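K.L.:
Here is how the chains run, residue by residue.
There are 4 protein chains.
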Amino acid sequence: MVVIMKERATEAQVQAVIAHLMDMGYDVHRSSGANQAVLGAVGDGQADTGLIEVQDGVDRVHRISVPYKLASRTFKPENTVITIDDVRIGGDEVIVMAGPCSAETEEQVEATAAAVKRAGAKILRGGAFKPRSSPYSFQGLGEVGLRMLRSAADRHGLKLITEVMEASQIEVISQYAHIFQVGARNMQNYSLLRELGKTRLPVMIKRGLSATVEEWLLSAEYVLAGGNMQVMLCERGIRTFESYMRNTFDISAIPVVQQLSHLPVIADPSHATGRRDKVAPMARAAVAAGADGLIIEVHCDPDRAKSDGAQSMFPAQFERLMAELRIIAPAIGRSMCVEPVARRGWNR
Amino acid sequence: MVVIMKERATEAQVQAVIAHLMDMGYDVHRSSGANQAVLGAVGDGQADTGLIEVQDGVDRVHRISVPYKLASRTFKPENTVITIDDVRIGGDEVIVMAGPCSAETEEQVEATAAAVKRAGAKILRGGAFKPRSSPYSFQGLGEVGLRMLRSAADRHGLKLITEVMEASQIEVISQYAHIFQVGARNMQNYSLLRELGKTRLPVMIKRGLSATVEEWLLSAEYVLAGGNMQVMLCERGIRTFESYMRNTFDISAIPVVQQLSHLPVIADPSHATGRRDKVAPMARAAVAAGADGLIIEVHCDPDRAKSDGAQSMFPAQFERLMAELRIIAPAIGRSMCVEPVARRGWNR
Amino acid sequence: MVVIMKERATEAQVQAVIAHLMDMGYDVHRSSGANQAVLGAVGDGQADTGLIEVQDGVDRVHRISVPYKLASRTFKPENTVITIDDVRIGGDEVIVMAGPCSAETEEQVEATAAAVKRAGAKILRGGAFKPRSSPYSFQGLGEVGLRMLRSAADRHGLKLITEVMEASQIEVISQYAHIFQVGARNMQNYSLLRELGKTRLPVMIKRGLSATVEEWLLSAEYVLAGGNMQVMLCERGIRTFESYMRNTFDISAIPVVQQLSHLPVIADPSHATGRRDKVAPMARAAVAAGADGLIIEVHCDPDRAKSDGAQSMFPAQFERLMAELRIIAPAIGRSMCVEPVARRGWNR
Amino acid sequence: MVVIMKERATEAQVQAVIAHLMDMGYDVHRSSGANQAVLGAVGDGQADTGLIEVQDGVDRVHRISVPYKLASRTFKPENTVITIDDVRIGGDEVIVMAGPCSAETEEQVEATAAAVKRAGAKILRGGAFKPRSSPYSFQGLGEVGLRMLRSAADRHGLKLITEVMEASQIEVISQYAHIFQVGARNMQNYSLLRELGKTRLPVMIKRGLSATVEEWLLSAEYVLAGGNMQVMLCERGIRTFESYMRNTFDISAIPVVQQLSHLPVIADPSHATGRRDKVAPMARAAVAAGADGLIIEVHCDPDRAKSDGAQSMFPAQFERLMAELRIIAPAIGRSMCVEPVARRGWNR
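Residue numbers (my numbering), protein chains in the order written: chain G, 1 to 348; chain Y, 1 to 348; chain B, 1 to 348; chain C, 1 to 348.
Bound-form chain G, shown alone:
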């Protein structure tokens, strides 16, 4: 760490800080010549920079190294590509995950899965265990919902991603889903992250509403440190003073994370905006900014959805969006999913 002393720090204060650092196992280099002393502390110690910052005569303290390791480009310079059969997340192709907020009925799941497949999605999204801010809201169908989702995914050649809310659900979900989704509110549920580190299914970690990029990468580190290297991240909007949209979609986080980490970055314009009429522009923006994939809520009848209807796209809106994305992706050297089913449909 680098310790910047106050200009008026006494020599005794400087010496006390040096002694404290050496006590913590650091080698200390002192620079001279400026208006104030600057101490460089080098070593293996897990630095609590705050503890040094409150010592007498200290102005500020900065860390030298980042606290995450396995998630960093320093550890692994090349991109991580997560492969599920023929679907490759983090490669050249921009992967789209789409589907309803929650599984509600067989018919709803089937109709929506068919629609998103037709438009070019590769992965079906859908919830069976729902984290709801009110205890009085619809809480999901549980395993019944998982079965509906997986069977529709299989019928349409889609993979399945679904949310896991607690460690006790891992076993049942792993029987149905191809990817675990960790919701924004659970981004720092370390008990859950640790258990997911022991599984071998890919995990997508949504960014918490007020999580810094570093905290987000540390949450990924929990899973990676457990030995599960198939982790992807998902930007879904942060909370700011601006309340016109539900959240502020932090699109700049996409290139930032891609620079710091080798993990794929997915964007979720549905939760970021909360309104279906704003999903398309934000989805286009995310792809133009370089996102490795999108996760989008689509519902066959969104005005009657049991949850998140306002932000769920109509199938026709989604299809139009996919056509726009196919124009944008090449601008950044990416491809977008081809859509064989749709084309067959048009040929008939």
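Don't take each hint at face value.
Identical chains share a label here; the pair holds if one copy fits it or two copies do between them.
Below, a list of computed lysine-lysine pairs in the DSSO-like style, where the Cα atoms sit at most 30 angstroms apart [stated by the list, open to error]:
1) 198 <-> 69
2) 76 <-> 198
3) 306 <-> 6
4) 306 <-> 69
5) 306 <-> 198
To be clear, the hints were calculated from the coordinates, so they are not data collected in a lab. For clarity, every value in this text was computed on a predicted model and none was experimentally measured.
Guided by the hints, dock chains Y, B and C onto chain G, whose structure is given.
P.N.:
Frame of chain G; chains Y, B and C shown alone:
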């Protein structure tokens, strides 16, 4: 809900929204005379206001009632007082909880418990299961730590509050602690909240870093809805653009929550500031604003603490603070804990 | 306005609020049947909703109409297109403004103007009066800088936009520039906005760091109310807890403002990010989201720029970006500036 | 500045950064032994740290010294006390400024001035030139209002503080007021600050809605650098995601600024909360946190105020608050204004 149509909304759009609302089970009142139509929807339906907001011709939608019920003053106008033997939280006395971030050793726990008791604290705080943002940081002593904490608390006539991170810890913690603490990162861990609703020990719910007051009260509602009415709330700083302090202590949330809810409100100046030299002014401010209690990190040797040393007060700092608080409390008609041990000490 | 009374409000409190509203000149409609009284207040009065909100028994108050008028789509449904000779801002073409942060020397201005023209920019940006957060920083060349900028603009067939910091500069700037830029820190400098309302040059108003969309439109309203209808808005990042980038680029504000207002919306990825390596992805995202134009800092030698060097692009970076944008624009039915000079250059 | 290179930075990249720093006039010290190179750059150069941060191989850059000088405790360790006749701001006594948002009528100004004097205020606040977010709102009485305010202040032995919105108002205001107030929206109106630096009246600078502490001190630096050393700062709430109150009162900024700077810090609970029923708890909290003074809106008939009625206290509320503050101030070794007029009143 109240639906405000756009000025240029067509009559067909207004009629479509009215039909949609009636379909959802609402009675609809239409007001005339303004530049735009305003619809009042009255009924029992669980309104998804967002869904109406995305309909054509709609400008904005406002809810009429708040989504929490048991936590509200409407449900229970008089203050909730939580009683643990002779300690009453939410009554006239401002209650102080103090102690180390984590239990580390028998000696550290004993020395710290003795010090906070001497200064006038009524409840010992201390962690055994620690949520840490890095998987490489000290994670707590587990049950061994709980035993140390409870035994020190008993020796000094203190009650014990400690953090629960997941449902599986509830049983063991309930054997040692008098109050469960739900950390800020778990404020929306609904699985955990639901399980705590089934216990009969008091629960203190810390406000999430970016939680609105309403979301915070909804988390309390999860516990209350389970039948556990002994809930208190804890303001511990929110995340804003200001980074000089670790968080921004939202002291105004104290009177706001006390107006909306009957539940006691505790303030945590240690986590709000992250620096021991700023804890005292913020503790004084919280009491002056009307907090029902404080929770403060104190350590017998904070410069060697295994966690949160920077924000842990020295015992002497804490004692001075308690003396200042005794002057402030009467300004708002509250008392502060008398300190029999300390007085005995002075008499010797 | 709509007044929602508390559930426990007494009839006397309801009557007092009704009387207060009528006193303010409103017609009041009271709805019945819900758990609480809801009052609709209709009329011409300039409502101070806050004043009603603090009355006894009142829970919340919502406005019916927005406080801006001339800036709204209700007042003018069709897009405003600002025309400066052959440059049309707000039409089909996405317009790019580019150039240095500050005019420094004749050579620097000339080299940069030539580069941005070659890449396809239509408008030269450049500062002569600089608002700097430190009184000790370079404050700009003043009129000398304006002359350099205009003469380079003329040589290359570009229009000129430059910042105005105070009313006393309006006269001199209007002799050189085609567009006045109001900086983010002056967004609520009402004295300045009022004076700009009296001019007849186009005005671009940057969004303040923490301005809501409504406050931003109210600032436009100040200029429009003065009779100057040639106003455009510029999103340049907002301040949030996220500090990895200088600001958080609120790209979703682009479609939001375009829905509420008829005024063109420009995006400034340079100030939004503060780092030249993040400008390109954010510029692409802004165009994909539907921005009517971009304003980008480009410098012929950015590592030696007197201000904002970190966020100024090298000419070659800018040229590559423009090529990418030409692929993206058609995805949303827009065109990008053709680049006759550059093509001629390549033919030679 | 301290430059932290990436772990994978090449030697050539390190050398290029060293060369760049030396080119900027710095002496460079390179530390070895860590996983990455750390460069200490020492010298007089005005560092643009951002420019170094975007160089290849650079991870992060930190400044060593703060950008403000005259405002810092390093420059002047002892507190600045601003003296206006017998009123001392920044001394032992907590000074209260109170009065209406705007001067409206002779009667209103007189009644309010009498009330705040009676309760113990030392300075009358009141606006004549009003910055309003809407061009259609009441904009103040101008010089007529100034005259009313000064004459009431004189009658009651109060000093006068009023807002200045632009340089052209300085002359007229200086004929009436004892203190210039710079509003939050003008905190970075550098043209205005520079002009105020040339005057010799005290200046109170309100913190901008999203200003960091450093930016706020830099605004003070503009005035100080002009030679006017009578500057005080005013915390009035910042903008965050929390919208229950108008702003989030950042009370912790009070001790933070007092540690960094020698300038007095005033707190404005009226604008921070926007609701008169929350002003008292926040005023108490500010004094408990160590504020050197308060500025509070009081109106003889707030429900009929032309501006800010919702946050204006009734005289009786203000009087009760002052009594509470007299209990709190001694807890931190401060005194509160005695109230001779009121006492005389009671004796009659």
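K.L.:
Are the hints correct? Go through all of them and say.
P.N.:
Each hint tested on the structure:
| no. | hint | result |
| --- | --- | --- |
| 1 | 198 <-> 69 | within (18 angstroms within a copy, 40 angstroms between copies) |
| 2 | 76 <-> 198 | within (21 angstroms within a copy, 46 angstroms between copies) |
| 3 | 306 <-> 6 | between (58 angstroms within a copy, 26 angstroms between copies) |
| 4 | 306 <-> 69 | between (41 angstroms within a copy, 21 angstroms between copies) |
| 5 | 306 <-> 198 | between (33 angstroms within a copy, 27 angstroms between copies) |
In the structure shown, no violation is registered for any of the earlier numbered hints.
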